[in-house]
Amino acid sequence: MLTWIAARATGLASYFALCLAVLSGIALRTSLLDVLATNRALRALHDFMSLIWLPLGAAHVVALLLDKTARIGIDDLFVPFQTEYGQLAIGLGTISLDLVVLIGLTSLLRDRMNLKVWRWIHRLSYPMFVVTFLHAVWSGTDFAAPIVSSISWAIAGGIALLGVSRIVFGRLPD
Amino acid sequence: MSAFALRVAAVVASLLVLFGGWGYAATHVKNPNAPLKPPVPGAVVVEAAPSAAPTPIPSLLNRPALRLPSSSPGPVFNLAPAVQTTALPRITITHVS
Chain C
1 MLTWIAARAT
11 GLASYFALCL
21 AVLSGIALRT
31 SLLDVLATNR
41 ALRALHDFMS
51 LIWLPLGAAH
61 VVALLLDKTA
71 RIGIDDLFVP
81 FQTEYGQLAI
91 GLGTISLDLV
101 VLIGLTSLLR
111 DRMNLKVWRW
121 IHRLSYPMFV
131 VTFLHAVWSG
141 TDFAAPIVSS
151 ISWAIAGGIA
161 LLGVSRIVFG
171 RLPD
Chain V
175 MSAFALRVAA
185 VVASLLVLFG
195 GWGYAATHVK
205 NPNAPLKPPV
215 PGAVVVEAAP
225 SAAPTPIPSL
235 LNRPALRLPS
245 SSPGPVFNLA
255 PAVQTTALPR
265 ITITHVS
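Chains as they are written, first to last, in our numbering: chain C, 1 to 174; chain V, 175 to 271.
Derived by calculation from the structure, the hints in this document are not laboratory data. Where a beta carbon is used, it is the ideal one built from N, C-alpha and C, also for glycine. Incorrect hints may appear among the rest.
[As the list claims (entries may be wrong)] If we take Cβ atoms under 10 Å as the criterion, some of the chain C residues that face chain V in the derived model are:
no.	residue
1	Thr69
2	Gln82
3	Leu124
4	Pro127
5	Gly140
6	Val148
7	Trp153
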């Protein structure tokens, strides 16, 4: 029971923190919001958010591993679409987790990496967020609640709007 | 807004979501609207009782102005026995007069 409640609460909190990270990151490089491009506080927030969503996401995964009803195995963390139920919804969570780990690790190693390679890997944040959102909607137990659903869709809409504006109006230089 | 204030606001907001979500999940442990319902091992699957389909009487089928029985099932009665278990000792009197 405790692990199930913990898995749901940390899932919600990590998704919210991830939304803040993606919002602050995409706002830094969108021409539409060029006034924010040189905002050091926003840049610091984007870097800082990984310290919040990473432990929350890890707690979400550990709680699901320990929960007997969820029946998530270690191999499900790496190989998607293998669970006994909800293959697509949970498999998207596996893909999201793998992408998050890749993006997080390469961000830590950014200074030691080729900047062009790092940037292309970091752009995986966009499909990662889409996959995470679908995972949350299709498997999130609390996403049927109106307050959770409305906030989540509003944030996702804001990120989608900024993503489209970045495509239309272009990307700001580094 | 300073970077420190933004960080504090982000931490506070995340903690609010965490504890708010914890409280909501604790008070709504079983959500009937949840998209995923993992099968519980050992659970008893209760099958629905078959509905009684009305059988038309052949001799009445060709009568004029006959109202055929509706295809929609009628009300379902619960015929579960009303006898309930009790903690009283079993009755073992076999006296015959």
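Hint-by-hint comparison with the structure:
Among the interface hints, the one on C/Thr69 holds; its C-beta lies about 6 Å from the nearest C-beta in chain V, closer than the 10 Å criterion. About 14 Å separates the beta-carbon of C/Gln82 from the nearest beta-carbon of chain V, more than 10 Å, and the hint is not met. Of the supplied interface hints, the one on C/Leu124 is violated, with its beta-carbon coming no nearer than about 23 Å to a beta-carbon of chain V, more than 10 Å. A cut of 10 Å between beta carbons decides the hint on C/Pro127: the least distance to chain V is about 22 Å, and the hint is violated.
The criterion of a C-beta within 10 Å of any C-beta in chain V is met by C/Gly140, whose closest approach is roughly 7 Å, and the hint holds. Restraint check, C/Val148 versus chain V: the minimum CB separation of about 8 Å is within 10 Å; hint holds. Evaluation of the C/Trp153 hint against chain V yields a violated restraint, the C-beta minimum of about 15 Å exceeding 10 Å.
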